[in-house]
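> Assemble the whole structure, with the sequences as input and the hints as a guide.
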Amino acid sequence: MPRWMKYVLVALLLLLIASIPLAMQLETGSIQGKITNDRGPVANASIGARNVMTGTVAQVVSDAAGACKLENLRAGRYSLFVQAGGHASLWIREVVVERGRTTQQDLHLTMTRTTATGM
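When we follow numbering that gives the first Met the number 0, the leftmost residue of the sequence shown carries the number 0, and every step to the right adds one.
Everything labelled a hint here was simulated from the structure, so no lab data went into it. Watch out, some of these pointers could steer you wrong.
Stated by the list, open to error - If you anchor each label on the Cβ, the simulated ranges turn out as follows:
1. GLN31 x LEU8: 20 to 26 angstroms
2. MET52 x LEU12: 30 to 36 angstroms
3. GLU26 x MET110: 37 to 43 angstroms
4. HIS107 x GLY54: 26 to 32 angstroms
5. GLN82 x GLY54: 53 to 59 angstroms
6. LEU11 x GLN31: 36 to 42 angstroms
7. LEU14 x ARG38: 51 to 57 angstroms
Everything numeric in this text was worked out from a predicted model, so none of it was measured. Positions of the beta carbon are idealized from the N, C-alpha and C atoms, including for glycine.
Given below as structure tokens:
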């Protein structure tokens with residue numbers, strides 16, 4: 000095999016290896032949304048997404064505006080669990096994540112009685 004052919008093969012192999020992270024991005028999706036209650040956004044709510052098939056869990060906390068985004072999720076079905084101080088927990092049975100897409104899932108939490116009355 001000529002020497003130049005070896006260099007071409009090495010260059011092609013390097014390009015192939017470099018393209019793997021790009022291909023991986025297309026294999027994942029995300030879930031984003033806003034967590035609110037009757038008074039407005041809920042900050043510091045804990046959101047967990049569990050892949051129904053693999054059991055893998057991803058977690059994130061909502062920001063001051065109640066916004067959250069779970070990124071780099073493998074395509075599939077997820078169940079969501081949301082908790083926040085002074086609120087009833089919320090469970091969403093199924094949210095579908097598609098490759099290369101962001102699924103919008105806004106959630107409304109119910110305040111517990113002590114939070115609603117200010118006790």
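> Evaluate each hint against the coordinates.
Hint by hint, here is what the structure shows:
no. : hint                               : result
1   : GLN31 x LEU8: 20 to 26 angstroms   : 43 angstroms, violated
2   : MET52 x LEU12: 30 to 36 angstroms  : 33 angstroms, holds
3   : GLU26 x MET110: 37 to 43 angstroms : 39 angstroms, holds
4   : HIS107 x GLY54: 26 to 32 angstroms : 27 angstroms, holds
5   : GLN82 x GLY54: 53 to 59 angstroms  : 19 angstroms, violated
6   : LEU11 x GLN31: 36 to 42 angstroms  : 38 angstroms, holds
7   : LEU14 x ARG38: 51 to 57 angstroms  : 54 angstroms, holds
The structure fails to meet hints 1 and 5 from the earlier list, while all remaining hints are met.
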